[in-house]
Amino acid sequence: DTAVSQTPKYLVTQMGNDKSIKCEQNLGHDTMYWYKQDSKKFLKIMFSYNNKELIINETVPNRFSPKSPDKAHLNLHINSLELGDSAVYFCASSQGLAATDTQYFGPGTRLTVL
Amino acid sequence: AQSVTQPDIHITVSEGASLELRCNYSYGATPYLFWYVQSPGQGLQLLLKYFSGDTLVQGIKGFEAEFKRSQSSFNLRKPSVHWSDAAEYFCAVPSGGQNFVFGPGTRLSVLP
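Taken in sequence, the protein lines are chains E and S.
Residue numbers for the first sequence follow my numbering, beginning at 1 and rising by one.
Residue numbers for the second sequence follow my numbering, beginning at 1 and rising by one.
Next comes chain S alone, as it looks inside the complex (with noise of 0.2 Å):
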């Protein structure tokens, strides 16, 4: 069964420093993979996807994504991160069709 893991759970940055969130999966084949971004008292908005082709993903807000499948790994990352990117984190794979499977999350605290 198609797994996936955030090792962080919780990550602090100072506002303007680079940000790297790592996401690690269990998937056979190439997988699609997705970054979503929960903050506080919200639902969960799309950051990026990845589906196939270049391995460097573009999202919103300043976010890229780079799938490494000898890694087994999509790790997120932004070059400056601002206040407003406070928020929860997840990775998540499908798992069958649109049975999504995600990770536990990574809680972004932006110092300022």
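Okay, chain E solo, but in the shape it has when bound (with noise of 0.2 Å):
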């Protein structure tokens, strides 16, 4: 009764490549989140989706596509891979968008681009 998932836990791609990160979260929550933890720990928004539209798209390349079909799912498609988008990506959710709502985060995927 995992409450946010994420698939794959671990990926590991070529330079170039195109891949995606599915995230899905069974507490009924509204909201929706990316998050990048880079190799320092530093955790930064990408984007956050509000009952299936998209509230938050921070300076992100293009290149990162979130797709939210239902307010369960939001997935991440990473085209042509770079080098810098190692990291690991976390997924989150919340009741809504007031700034009192707690996220909910899960367990991360470690994208590893040779």
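These are computed hints drawn from the structure, not numbers from a lab.
Please note that the accuracy of each hint is not assured.
Claimed, not checked - Cut-off 27 Å, straight-line C-alpha distance, at most; resulting in silico cross-link-like pairs (DSS-like, lysine-lysine):
#1 E:K41 / E:K19
#2 S:K49 / E:K41
#3 S:K68 / E:K9
Every value quoted in this text rests on a predicted model; they were computed, and no experiment measured them.
Fit chain to chain and form the complex, with the hints in mind.
Structure, rendered in structure tokens:
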């Protein structure tokens, strides 16, 4: 009964490839997020979706494209992978958009680009 | 823009010792403040949060934090650390709704 799950947990790929990371939450939340954590543990938001609508889109290369087929899923597709994309990517969800809503995080996907 | 600093990159304490992790924020009004913990290989888990009212907030796993407006601080404390507390700790403040700004993190090591 995992609250926020991500697949795969590890992803190793070559430069130039296209890959996707999937995220699902079973909390009934309306809002979902993608974060990137770099090698220095710095955590930065990339996107957020509320009821399948894009709310936050930080300065992220357009090679990154989130897709939300329904409220429970937010997938991240990355085109033409680069070395600098290597990081841990976290999915999260919250009940809504209020600053007081707690965010629940998935276990992360460690992406390594060779 | 809101910002969060955590002055200590790495702290080592002995098991059973007390702990204080520092967090300072830059924010115009009274902020909402959060502490998250990231155990090795895991996602982030909320420890506690402050919105208003009592400036001393209790969280899970025996942690507490105190909001001090005069010092722009929200330090995390625990009276007696357990080996399982070894993890990375992040202070965070929302910057417009749910757009969170996280501090750089403090890595806690616990000696047996």
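Going through the hints against the structure:
At most 27 Å may separate the alpha-carbon atoms for a hinted pair to count; E:K41 and E:K19 meet this at roughly 22 Å. Restraint check for S:K49 and E:K41: satisfied, since their Cα atoms lie roughly 21 Å apart, inside the 27 Å limit. Restraint check for S:K68 and E:K9: not satisfied, since their Cα atoms lie roughly 39 Å apart, outside the 27 Å limit.
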